[in-house]
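Residue numbers (our numbering), protein chains in the order written: chain A, 1 to 543; chain B, 1 to 114; chain C, 1 to 89; chain D, 1 to 163; chain E, 1 to 975; chain F, 1 to 137.
In short, the hints are calculated from the structure, not lab data.
Computed from a prediction, not measured in an experiment: that's the story for all the values here.
Glycine is no exception: its CB is placed at the ideal position from the N, C-alpha and C atoms.
Computed Cβ-Cβ distance ranges for the label pairs, DEER-style:
1) A:PRO366 - E:LEU34: 31 to 39 Å
2) E:TRP554 - A:HIS437: 28 to 36 Å
3) B:GLY66 - D:LEU36: 33 to 41 Å
4) A:GLN443 - E:HIS443: 26 to 34 Å
5) E:ASP354 - A:PRO366: 30 to 38 Å
6) E:GLU678 - A:GLY412: 37 to 45 Å
Derived pair list, reagent style DSBU-like, types lysine-lysine, alpha-carbon separation capped at 30 Å:
7) E:LYS774 - E:LYS673
8) E:LYS774 - A:LYS104
9) E:LYS292 - A:LYS435
10) F:LYS29 - E:LYS673
11) E:LYS102 - A:LYS435
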Amino acid sequence: MDHWIVAPVVLPAFLAPLIVLWMRFDLRSQRVFSVAGMTALVALAIALAVSASTNGPEVYRLGNWEAPFGIVLVLDRLSALMLLLTSVLGLAVVLYSIGSGWDKRGWHFHSLMQFQMMGINGAFLTGDAFNLFVFFEVLLIASYGLMIHSGGEARLKAGVQYVVYNLAGSTLFLFALGTIYSVTGTLNMADLAQKVAVMPASETGLLRVGAGLLMLVFAVKAALVPFQFWLPATYTNAPGPVAALFAIMTKVGVYAIVRIYTLVFPAGGTIGWLAQEVLLPAAAISLIIGMIGVLGARDMGRTVAYSVIGSVGTMMLAFAQFTEGATGAGLYYMVHSTLAAAALFLIVDLVRERRGAAGLAITPVPPIRNAGLIAGMFFAGAIAMAGMPPLSGFIGKLMILDATRGQWWLWGVVLVTSLIAIVGFGRAGSTVFWKAHAAAGDQPEPTKDASSPGLAFTATGGLIAGLVALTVFAGPTTAWLNATAQQLYTPSAYIDAVMVGAYERAWAATSGHEDSHADEPAESHAPAEDHGTDAPAEPASGY
Amino acid sequence: MEALVASAVGIMTAAGIYLILRLRTFPVVLGMAMLSYAVNIFLFATGRLAVNLPPILGHAGAETAGYTDPIPQALVLTAIVISFGMTAVVVMLSLGAFIEAGDDRIDLGPEEKK
Amino acid sequence: MITYALYFSIGCFALALLFNLYRVVRAPGVTDRVLALDTMAVDAIALLVLFGIWEGTAIFFEASILYAMTGFVATVAYGKFLLRGDIIE
Amino acid sequence: MLKRFLPHPHLTLLLTVVWLLLANAYTINSLVFGLLMGLVIPWITAPYWPDRPVIRNFPGIVEYIAIVMWDIIKSNIAVAKIVLFVPNDKLRPAWVTVPLDLHEPEAITVLAGTITMTPGTLTAELSADGHSLLVHCLHAPDPDGVRDEIKERYERRLKEIFE
Amino acid sequence: MSPALIAALPFLGALLPGILIRTGRSNTAFAAGLTSGLALLGLLLHLPAVMRGEVVQARFEWLPAIGLNANFMIDGLGMLFATLILGIGILIIIYARFYLTKADPAGQFYTYLLLFQGAMVGIVLSDNILLLLVFWELTSLSSFLLIGFWKHLPEGRQGARMALTVTGLGGLSMIAGMLILGNIAGSYDISVILTQKAAIQASPLYLPALILILGGAFTKSAQFPFHFWLPHAMAAPTPVSAYLHSATMVKAGLFLMARLWPVLSGTPEWFYIVATTGLITMLIGAKIALFKDDLKALLAFSTVSHLGLITFLLGLGTKTAAVAAVFHIINHATFKAALFMSAGIVDHETHTRDLKRLGGLRHLMPVTATIATIAALSMAGIPLFNGFLSKELMLEEAAHTVWAGAAWLVPLVAVIAALFSAAYSFRFIVHGFFGPVRDDYPHKPHDPNFGMWLSPAFLVVLVVLIGLMPMTFAGPVVQMAADAVVGGGLHMHPIKHWHGLTPALVMSMIATAGGIVLLLSFAPLKRMWEAAPRPEAKAIFDWIVARCACVASWITSGLHNGSMARYLMMFTLASIAVGVWAWSGGTQGPATREMLPITPVALVGWVMLITATGCVVAFHHNRFLALVLISIVGLIVSICFIYLSAPDLALTQISVEIVTAVLMLLALNFLPKTTKIESSRLKQGFDAVLSIAGGLGIGALIYALMVRDFAFETMSNYHLANSYKLGGGDNVVNVILVDFRGYDTYGEVTVLGIAALVIFALTEALLNGTASKKLIAWRPDMLRGGDKHPLMLLVATRVLLPIALLVGVFIFLRGHNLPGGGFIAGLVVAIALVMQYMASGFAWTQARQKVYYHVLIACGVLAAGITGAGAWFNGMPFLTSDFGYFKLPGLEKFELATAAGFDLGVFLGVVGSVLLALGGLSRLARRAAVLDEERGAHIVAEKPEAREVAAVSSVAYPEGTPLPRRWLKARGEEQ
Amino acid sequence: MDLFWEILISALLVIGGFFGLVGSFGLVKLPDPMTRLHAPTKAATLGVGAVLIASMIYFAAFRDSLTLHELMITLFIFLTAPISAHFLAKANLLRNVDRTTLTRPEGEGDWAVFTPLSDTSAEELEEAAEAERDEAR
Ligand code: NA
Ligand code: NA
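Work out the full structure, taking the sequences as your base and the hints as a guide.
As structure tokens, this is what we get:
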């Protein structure tokens with residue numbers, strides 16, 4: 001078995017406590033190890049992506065227990081893609097934090113980053129619904145810590161809302177999981193898929209409730225309307241690099257929706273088109289609300305934050321089609337918008353760090369240091385985010401429009417909101433960067449502790465370069481992503497990889513084990529023995 | 001018995017929802033606590049109810065009666081621990097916000113009064 | 001005979017719990033309520049033990065120990081709060 | 001030498017016995033493990049309990065416990081009677097100040113605990129200088145008698161045990 | 001040279017100014033010019049082939065999945081436009097070198113200009129409409145940068161935004177149109193689309209596609225009613241105006257209409273939309289231009305008018321009109337660019353562009369005056385200049401056009417437009433250059449140096465040459481381009497000066513004469529014009545955008561108003577709605593399980609739980625009381641777990657309960673002790689209804705679940721059967737936790753550890769940030785007694801600690817087989833230590849702590865991880881456990897399981913996390929408790945300094961314990 | 001012999017139940033916080049104690065498993081109950097008891113709970129008490 005699959009979880013899970021244990025007081029070592037860890041994660045993710053694109057879904061049985069009795073990790077194209085995206089973002093963010101000095105403004109930044117990676121990677125890899133909850137919590141709690149990194153009134157108040165909102169989400173998650181388990185008797189996603197497919201009609205009511213509530217949980221993470229409320233204040237008040245990292249957080253929700261509603265509750269199956277019926281209107285309204293927010297926001301951070309909501313809406317419009325083509329387009333747009341949002345948050349942070357007391361308000365302040373370069377990057381980021389050519393946002397939108405042909409209202413929404421976003425970004429950018437030249441007063445004093453601004457710019461530029469690469473190599477990228485979509489819409493490969501022979505092997509292990517422990521006082525365990533003998537009779541209820 | 005448990009879960013949920021809709025952090029935290037009780041019992045009850053059949057081998061009251069479903073229990077244990085960690089963080093966070101802001105309102109004000 | 005005694009005892013402690021509850025709901029001051037909570041923990045331990053006898057299982061004793069311990073700590077914590085505000089000084 | 005490996009023999013014994021009670025398995029394994037714990041835990045917790053008291057009169061403890069047990073039973077009956085049959089307006093609650101001769105904190109604590117556990121009395125407070133206990137009586141027509149009984153029945157014995 | 005390379009060259013060239021600008025502006029301009037020149041050269045190498053009717057192609061796959069490919073082609077139309085773009089580009093680059101001052105960032109200018117040039121060349125050479133879209137939008141973006149080039153000018157910023165908004169709008173509409181068009185045609189390649197005329201025009205989506213595409217073309221080419229952005233784009237430096245807003249970019253819309261002419265034109269829809277729009281634009285633009293005093297504004301509206309003219313011609317859908325359109329495109333590019341550059345020279349020299357302040361310049365700057373006069377006469381349509389020829393062709397076409405049955409309408413409008421056109425052209429000459437020399441120019445002008453007038457002079461030469469010998473100098477090009485426009489097979493009639501006394505000539509004469517009359521009566525007309533109310537497009541646009549922004553702001557901040565209650569209300573509402581809706585879409589089977597009987601004790605428990613819950617809600621304003629009540633709920637819940645066969649849960653619940661209570665009390669110390677009633681009765685009522693709905697929903701859900709069996713065999717049967725055999729433990733829950741689903745637990749202990757780290761980090765932030773001062777200033781807000789460390793508690797906790805630790809060890813060890821385990825044990829030990837903190841205080845206890853809690857947490861997470869990773873050495877997956885039975889001499893057999901190592905990790909993590917978290921809270925309290933900052937400095941952190949504190953505080957009793965001084969003295973004497 | 005154990009166990013159970021009930025009844029019946037403190041702390045200890053002993057005997061006599069866990073629990077309750085009561089009494093002294101009804105202890109100091117510490121000045125305490133009284137009204 002290929003142990004590398006678990007490495008994206010275990011590596012940060014070891015690194016983080018080691019940083020706490022040995023390097024608590026040594027920022028330099030923390031930085032070295034953090035960057036090394038992130039780099040290793042990138043390398044790992046690349047290797048896993050290569051593996052996933054040549055092999056089918058690969059299964060890693062934790063504790064050597066067969067599914068559904070133990071927890072399995074499953075590596076397929078989609079999870080490999082998410083791992084890669086996460087680690088690239090993580091690396092950029094860590095570099096930026098070091099360059100901007102954010103990491104030294106509070107405790108445990110680097111260990112929390114590693115824990116954050118552990119949580120996100122875990123969520124992307126797991127093949128078990130409850131384990132998904134656990135890793136959601138890991139990534140959430142790490143994100144709480146990162147969000148409030150270095151404190152301050154506004155940040156803490158926004159932090160309270162962020163945490164409380166997500167606590168409500170976690171509660172809903174448990175209600176949903178409980179419902180699903182209570183109907184199906186299993187938590188493994190592949191096993192669930194099998195069982196849901198042959199679910200007796202009498203159970204569909206409750207099952208649908210479980211599926212519907214679960215959708216909402218993911219909608220909370222993805223910040224889909226009406227669950228988007230937590231996002232603007234959180235992203236605006238979080239430290240810049242953290243907000244950039246959070247670009248992937250909404251995608252965790254998106255990932256979960258894509259995964260669960262192609263694998264476990266496929267559209268048109270037992271539960272009908274439940275997912276689409278919920279998702280499509282939510283996505284459209286998110287897109288509208290988000291882009292209106294881009295225009296209506298009075299602070300640059302919020303401009304970007306709302307564009308994240310809008311972009312999630314955009315990609316969900318594609319995913320909610322539940323077709324292979326649209327999913328491919330959605331995946332492309334997801335990769336693009338993650339990088340674009342992260343880049344924009346870093347740029348916004350560059351601005352904030354240099355505008356001193358003026359903060360991010362969309363008002364003219366005398367030109368900041370490196371204004372030209374920052375303005376250029378903002379221009380590029382905004383173009384990408386608004387979906388203007390030539391950057392990947394345009395291509396993504398084009399693909400989504402192409403895949404949703406015939407739904408004219410949807411085209412209208414996408415195109416009109418694009419215009420609103422263009423106007424919004426244009427206003428923000430021209431006020432902050434251009435009107436600045438007309439503003440009176442001295443150049444604002446930048447924050448002192450940027451140890452190496454070059455690194456910060458490199459990290460930001462790197463993300464923009466990523467967007468450019470995504471544009472230039474759109475052909476091969478979409479080919480890969482379309483194959484990913486194809487894999488998602490042939491879930492049998494996933495299910496087979498996890499479940500074929502699993503019950504038989506599991507119960508065979510039981511009988512094999514009886515001999516090796518024959519010397520044990522078995523008489524005190526008579527009830528267990530009873531179960532052992534009669535249970536194998538009905539293992540494969542899902543087949 | 002099922003009716004008692006279900007109604008208790010429902011009432012605790014209702015109490016929790018009411019409290020999280022308040023305007024100060026403290027009642028909201030209390031509401032979260034109520035909700036987590038409710039969800040824990042909910043999750044636990046998804047394994048169906050059983051009296052004196054703890055999933056401890058060889059300790060069942062009547063050996064033929066079997067055991068109650070251990071999976072939800074394990075899940076609830078995990079959930080309890082996680083929600084404890086979360087509660088600790090949210091309590092500390094709301095305290096920090098209170099100290100910084102001088103009040104414990106949970107609202108931010110329109111776009112944080114900007 | 002033991003069965004009836006158990007019935008009686010369980011009934012007593014259940015009733016006791018309700019009395020405690022009354023004192024929690026209706027009390028002039030807060031100390032009474034903490035006291036009622038403390039008593040509840042003690043009555044709960046008794047019920048636990050009685051339940052153990054009823055079901056013939058000794059599996060609940062650890063719970064009893066823990067209840068005793070936590071009941072005590074809770075009372076002390078609440079008491080210290082009433083006394084000083086800051087429970088860890 | 002023995003002192004070095006067994007700095008708190010009473011505690012070690014107590015912990016070993018408690019372990020056996022807990023484990024409820026009276027086997028060699030349990031005994032060995034219990035002893036091990038009995039040695040290790042006092043060593044770990046030593047900083048948290050500096051100045052562990054020296055018990056001077058071991059048999060005295062047994063006698064004291066017996067007396068207290070008996071008094072608890074008596075007290076419960078007495079209190080039950082008061083609760084059930086004495087109307088509230090007939091109740092004569094009283095505050096009694098008990099000046100202390102005991103020195104050891106542990107001894108004072110035991111005394112205060114004993115007072116609380118026995119009939120109708122309850123240690124409410126210690127004076128700031130540690131000289132006196134403030135005892136509340138549920139129904140004490142004769143407060144001075146209560147004070148004298150406490151000093152005679154419990155404090156004297158505790159002084160023998162601890163000091 | 002490959003067409004792709006021709007399009008790419010300007011982009012590559014755009015990189016140069018950034019590098020070269022340090023070596024000087026001339027080098028930069030030279031490099032930029034060289035790039036354009038190179039591209040032009042490459043292009044012209046293909047001229048012979050294209051003239052022969054060949055199409056040069058280059059194809060690259062970019063995004064084959066949706067048919068977006070980098071396909072380029074050079075045909076006649078592309079050749080013409082590309083030549084114009086690159087040729088005029090070179091002239092503009094030269095002109096700009098002298099126009100820009102030293103203060104202007106010339107490097108940026110050339111970068112933007114070349115970006116624009118590349119985008120423009122890309123548009124005209126694209127053989128793929130999606131690729132064309134990319135370039136199309138790029139021109140919008142680069143023009144945004146160029147218009148806003150002078151960042152300090154508000155007009156520049158506003159003009160840039162307006163241009164971006166309007167052309168962006170068009171671009172988006174065009175995206176939709178192109179997607180539809182490509183879909184009808186089955187390909188996005190233009191060369192393919194152009195062959196699909198029948199299919200396209202027959203498609204029901206033809207009209208939507210047409211409108212959407214025209215939306216792009218009209219906005220770009222400033223057609224009515226989108227014409228208003230163009231004059232405001234004149235805030236750009238003049239070279240930009242000359243290049244983008246007269247010669248090239250605004251012609252992109254025309255190009256597009258010409259490009260798709262073969263497949264889109266010829267239908268009534270096309271005619272009525274395009275021709276009408278063109279005609280109206282022509283008229284309106286000309287009329288407004290006459291009354292503009294700003295030279296550039298006049299030229300801008302004139303451009304609008306001429307663009308309308310060309311649009312009108314294209315809209316007619318006839319081949320002759322197409323020829324006229326192509327010809328006028330060339331002519332307009334030459335005279336209008338020359339005019340803009342002249343206006344720029346005037347501005348540059350006199351420092352004003354206001355016609356009212358000018359006049360008489362022909363004496364001071366004869367060269368400029370000559371150039372401007374020739375170009376303006378061409379614009380007016382005076383014979384011998386090229387403008388005359390194409391205008392004649394237009395009037396000829398107009399004369400034969402019947403609009404909705406009215407034969408007189410189009411000719412009439414055309415004549416009026418031409419008349420205005422003549423008038424403003426004359427005004428440009430007369431008011432600018434004729435008349436007496438004034439003495440009040442803002443700056444005394446003279447002719448600029450050679451470099452600045454070279455470019456317009458060159459264009460004016462073309463104006464004259466084409467005007468004189470059209471078939472020699474323009475004929476082949478017009479033939480080539482027009483042939484491409486009409487889709488081949490064009491037999492062009494020669495362009496002649498004299499066709500006899502045609503209606504066109506008459507109309508032309510009327511126009512010229514009328515123009516002169518208009519100019520003569522200009523002053524009264526101008527007064528009338530200024531007196532008349534007229535819609536100010538910019539004001540309307542600004543109003544609309546401001547309204548939109550305002551509404552957007554209102555929606556955004558109204559929706560996201562920071563009210564958590566509303567956010568959570570929406571959350572709840574949506575959850576209930578989706579739950580009910582989802583349920584109603586499925587079926588619900590009847591009950592299949594027998595219910596358990598309700599025992600009296602259970603009923604009592606239920607009553608208590610419900611009462612306590614109700615009281616929490618009713619009394620939640622009294623926070624302390626609410627905590628007590630919550631503890632009761634917790635107690636009952638844990639008893640409920642015991643009753644329902646979940647001892648592990650009960651133990652965990654109750655021990656978590658107590659730690660939570662301590663935590664909440666620590667926080668409540670600072671927080672207000674009561675919650676004021678702030679919500680209105682209405683809100684309370686609504687919240688109550690919502691909560692009850694939510695409660696009913698969840699209650700009904702769990703009831704419905706409990707009355708039915710699992711639809712399939714639950715997986716836990718396997719766990720029950722194999723917990724002992726394969727997991728080595730009797731406590732199935734524990735075996736699940738540490739073995740079957742140990743990975744969950746791994747995540748869970750991590751969560752706990754992270755929580756503690758977060759709390760610690762937050763504490764540090766509060767202690768070292770602005771909060772620190774607030775903390776020091778904080779004063780207790782409740783009654784406080786005097787006894788910090790009550791003696792009885794002190795003694796009791798000291799006695800209890802060893803026993804509690806023993807109990808912890810016991811619970812840890814038995815967990816695998818009986819209720820217990822690492823988590824509960826960890827909590828027990830933590831609670832035992834918390835008791836020490838409560839009794840003896842933070843400093844005293846902390847000083848006795850031998851291990852930092854950070855270390856415990858890290859070791860816990862690591863221990864769990866290492867146990868899990870240990871399996872790798874056996875070649876097994878992460879977290880694979882093993883167990884065995886061992887025997888030591890003298891002892892009985894005992895079991896050892898690797899899962900215990902995992903549980904140990906959990907144990908350590910829990911102890912460390914709980915204590916680190918509580919410690920954080922109490923450190924805040926310590927900071928608050930001191931009256932002066934000095935003592936605050938001694939707060940013990942998880943830092944090496946803690947050891948020093950430990951050394952200091954070796955006293956047996958913490959400060960503040962009520963110990964008799966007498967005894968202390970006595971003890972001191974004893975020692 | 002079994003009958004003897006049965007009677008013993010039953011008696012203990014009845015006694016336990018009785019005292020448990022009386023303790024909680026006292027909590028309801030007695031007139032003021034100080035007197036209420038007496039009832040449960042004592043009655044309940046005997047109540048639980050009797051039940052615990054009954055349980056111990058029951059398992060030894062009828063289930064053949066001598067467990068002494070119950071002793072542990074009893075020990076624990078007996079050790080902790082006075083402390084809880086003490087704390088609540090102190091809280092009562094601070095909040096619910098008129099200070100003038102108490103005699104001051106002999107010697108220099110006052111009762112511990114009334115001795116102000118360095119961290120809170122007398123005025124502050126007074127202010128807080130004032131505020132708390134307002135709150136109560
Ligand atoms: Na767990
Ligand atoms: Na356990």
